[in-house]
Amino acid sequence: MSKGVLVDITKCIGCDACTVACKMWNNIDFGENARFHAQERSEVHDKNAFMLDYKNWTKIILHKPEKNGEKVWRYVKFQCLHCIEPGCVASCFATALRRNENGAILFYPNLCVGCRYCMLACPFDVIKYEWEKTFPLIAKCHMCSTRMEQGQAPACIGVCPTNVMTFGDKDDMLALAKTTIQNDAKYVPHIYGEKEAGGTAWMYISDIPFEQLGFNTDITTRPIPEYSYDFQKYTKHAMVGIGTLLTALFLYTKRRNNIAEEEAKKKNN
Amino acid sequence: MDKQKEPKKDVSRRNFLKMMGGLGLVGATTALTGCEHSKEPIIGDFNQPLVGDGWVPEQYQTAKNWPAQVRGRIPIHPKTVVLDRNDQKCILCGQCIEVCRDILSVFGYYKLPVIDDVVCIGCGQCIMWCPTKSLMEKNDIAGVQEALADPNKFVIVQTAPATRVALGEEFGMPAGSWVQGQQVAALKELGFDRVFDTNFSADLTIMEESKELYKILTGKYDKPLPLITSCCPAWVKFCEYFYPDLLDNISSAGSPMQMLGAIAKTHYAKKNNLDPEQIYTVAIMPCTAKKAEIKRPEMNASGRYWGKENIRDNDAVLTVRELANLIKTNGLDLNTLPEKDYDPVMGKSSGGGLIFGTTGGVLEACLRTGYYLFSNQDMPEHLLEFTPVRGLKSVKSASLDIPGLGTAHVAVLHGLSDARVVFDAVRRGESPYHAIEVMACPGGCIGGGGQPRTTLPPSNDMRKLRMNTLYKKDAAMNLRRPHRNPEIIDLYRNFLEKPLSPLAYQLLHPVDFKSRADHIQALDHRRKV
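Line by line, the protein sequences give chains A and B. So for the first sequence, the numbering used here puts the first residue at 1; every next one is plus one. So for the second sequence, the numbering used here puts the first residue at 1001; every next one is plus one.
Rather than coming from a laboratory, the hints here were simulated on the basis of the structure. The reader is advised that the hints may include incorrect statements.
Claimed, not checked - Rough simulated footprint, nothing fancy, chain B against chain A, three-plus residues with beta-carbon under 8 Å:
hint	segment
1	19-25
2	106-116
3	138-146
4	157-164
To be verified - Beta-carbon label-pair distances, calculated as ranges:
hint	chain 1	residue 1	chain 2	residue 2	range
5	B	P1078	A	K11	40 to 48 Å
6	B	D1102	A	V188	55 to 63 Å
7	A	A185	B	P1224	33 to 41 Å
These figures come from a predicted structure and were not determined experimentally. Every residue, glycine too, gets a C-beta built ideally from N, C-alpha and C.
Sequences and hints are given; from them, build the entire structure.
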C-alpha cells in the first residue's frame, strides 16, 4: 500500500526539529554553519527556491506573504515529494532510482553513474548533486524507507511538536486533506500534490495560495514519464527494426560483393 | 619504406619511471578522494538502496499516532536577541518544549498559524533544561570587552540581587554561596569603571511602585486594581501576548535595571561631568529576557531626558554564565579574590532590595515601604519576616493589616502556568487582591534563565539554597526598609524630588500606561490568546 503524508502549512512554527531529525537519522554532516542553521532561511519568493542541497534533504523556509493586506509569516517544509509516477526513476538508465511498494523513491548509490538526468527530470528541483566531491553522486530524501518498513513514520514527521505532518496511507491522506479543506474556510481550495506531476505522496494544504509560498504551481498534472513514454515506448520496436534493417543491408551488400567478385573472377579467367 | 613505418619501441628507463610515478600519483589521489563519497564499499551489493543509519531518541521510535510525552523543540526567532542554538548538539529530547509548555505555558497556548512573530517571552528556562547545552543565550561578551578596551568609554556595571548567590557555583562553591564581595572585586579587576548595585535601584523601584499603589488605593490615581509588578520582562512580554487586557494593571515603573541605567546616564553623569553618550552601562543579570528588555524601543528614558534618542538606558546585558566566562577567560578565580564594596552613590541597599532576587521579595519589600506610606510609621520588626509570601509554592496569597488602609490582600506568582488561574480571575474582575507580584521563572530570579547550570539540576533544592541565603542576609542587615536607604533619600533630595514627581515619572517610568494601552490596541488584533 502506497504511503502518503499530508503537510498542513498553517501549523508549522519553524522550530527546525524535522531538519535536525533528518540529519540525525541519515548521519548527514551539519556543515560549518550548524549553529546558525535557523537563521539561514531567507525571504524567497521564487518558484522552486527551496534551497535544498546534498547536505540538506529537507529544509524549512520562512516566507512572508501578504494576507488581507498584512505581512504574515509562513514556514514551509520541503523535501522530495515522492511522485506516484516519478520522472527521475524513468530517466535513470542505470536503475539507481527506484520506487518501492511504500511509495518511497529510493536511491541505489552503487548503481549511480552521476549523469544527472534525474535532476533534469525532477519537476520540483529536489534532487541535488554532490558538487563539492571528486566523484559526485546525487542525494535526496528517501522517506526513511527502513522506518516505514517497521511501521514508523519518517524521522521528520515523528519529531514535529505541532503535528504539521500526518502520515498514513496515501488515499486516507488525500481524503483527510479534502475534509480538512471543506470544514475550514481558511484553507485555499487546493491540495498541492494531489494532481501535480500526476500526484505525489507528500501533499500540502495551506491558507495562503501556494504560488506565494515558493511552490511551483505552473506544473503539469500529467505524470512526467508519460511525456517520453509516448515515443520511448517504440524503443524496442525501433531497436529490433533497425537491427533487422541493418542485417538485411549487410547481407544484401555482402551477397552483392560476393557476386561481383565471382563475376570478376569469371572475367579474368 | 618498411623501416619508417615501424613504431619506435624503445622506452628509456627515465620515461618509464616518469610514467609509473604519474600513474601512482593518479591512483593515490583517486583512492584518497574517492573513498569518502560512499558509505558502503564501492564494490558491494548493488541492490542496496541508501537508507538512514543514524539515530533518533527513543520516544520517536513509534508510529506517528502513538502518544508521546514530548516531541520536537522550541522555535527560535531568526533575529532573536535572547537565544542561540547549536543544531549539531541538539538531540531533540524535547525538554525545552516541555518546560515552555508545562512551566511557562507559552508553547501550545498561542494560536496557529503564527502571525508574524515567534512567540517567546525570553525567560530562558529552556536553556536551564537543555541537557546538551545546545541552547544558549546570545553571547554579548564581545561588545562588553570592546567597551572595556575603549579608553573613551566610561563603563558602568550593575549586578542584580540574585547574581551574588549563584555566581559562586561556576567556581566550584556550593549552591547558595554568598559571593557579593568577590563579584564586585572581580568586576573591578575586569576594568569596569564603576560597580553599582541593582539592589539600590530595587529600593528605588519600591519607592515608585509603593507610591503608585498608595495613590491608587487612596483614589488619587485612576488605575485598575490589582497593581501587578513590572520587574520581570518575561512576564511583561507574556502579558502582552496572552493577557493584553491586563497591561493596564502592570505598574508603570520600570525595572530596577532600567532605573539604574537611567539614573547613571542622567544624575550620575551630570554630577561627575561625564558625557552620557560615552557612558556604557552593562547589567549582570540572572535573566535572558533582560537582553530583550534593553532593546525595547521605550527603554531610552535617559535619551529622552537629554534629547538624544540614541542613548539607551542600558547598553548590554550579561547573564551570570557570561560573567563567569568573562572572569575565567581573564584568569581570575573568584575563590581567591578579596571582598570589595560597591561604589558609592548607587551602591547601598536595604534588605528589601536584596530579596528582589527571590519570588515574593518584591512584594515583601513593597509592603515594608507601603506600610510606612499608609500608617506613617515603620513596619514593626516582627512583620519584616512576612512568611506567607515566602517559599516555593507557585501561588501564594496573603493578607496584612495596615493601619490607615485596612487589610491588604496580596498574591505572589511564579512559574506562569499556575499563575494563569489568577490572571483569569483578574480578567473576570473576581480577584480580591490589591497587589500581585509575578515572576516568570520558578523561584523568581534565583532560578532565572541566566543562572549557572553547574552544580545542581534546575530543582527546588537549588532554589531553596539560593533563596535561604538571600533571606538570611536580609535578616542580618540593619537597613531593611527601602525608604530608609540613605542613598535613596539623597537621590530624591538632590535630583528626583519625590516619588512620582514629573522627573521621576520621565526617567523611571519608561512606559506610562496610556501609551502602553495604545501599544496594545495596535497589537491587539494580531496577538491573540
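Exercise. For the pair A185(A) and P1224(B), does the Cβ-Cβ distance stay inside 33 to 41 Å?
Worked result: Holds, at about 37 Å.
Exercise. According to a criterion of three or more residues whose C-beta lies within less than 8 Å of a C-beta of chain B, is the segment 106-116 of chain A covered?
Worked result: holds (count 6)
Problem set entry | Within 8 Å of chain B's CB atoms, at least three CB atoms from the segment 138-146 of chain A: coverage verdict | It holds: at least three residues are needed, and the segment 138-146 of chain A offers 4 whose Cβ sits within less than 8 Å of chain B.
For this session: Please count how many residues of the segment 19-25 of chain A have a CB within 8 Å of a CB from chain B and say whether that reaches 3.
Result: holds (count 6)
Problem set entry | Hint check for V188(A) and D1102(B) - Cβ pair distance inside 55 to 63 Å | Because 35 Å falls outside the window, the suggested range is violated.
For this session: Starting from the range 40 to 48 Å, see whether the pair P1078(B) and K11(A) falls in it by beta-carbon distance.
Result: Once the Cβ atoms are compared, 19 Å apart, the range 40 to 48 Å for K11(A) and P1078(B) is violated.
Problem set entry | Outcome, coverage of the segment 157-164 of chain A by chain B - at least 3 residues whose beta-carbon is closer than 8 Å to one in that chain | That given contact holds, which follows from 6 residues of the segment 157-164 of chain A lying within Cβ reach (below 8 Å) of chain B.
Checked against the numbered hints above, the structure violates hints 5 and 6; every other hint is satisfied.
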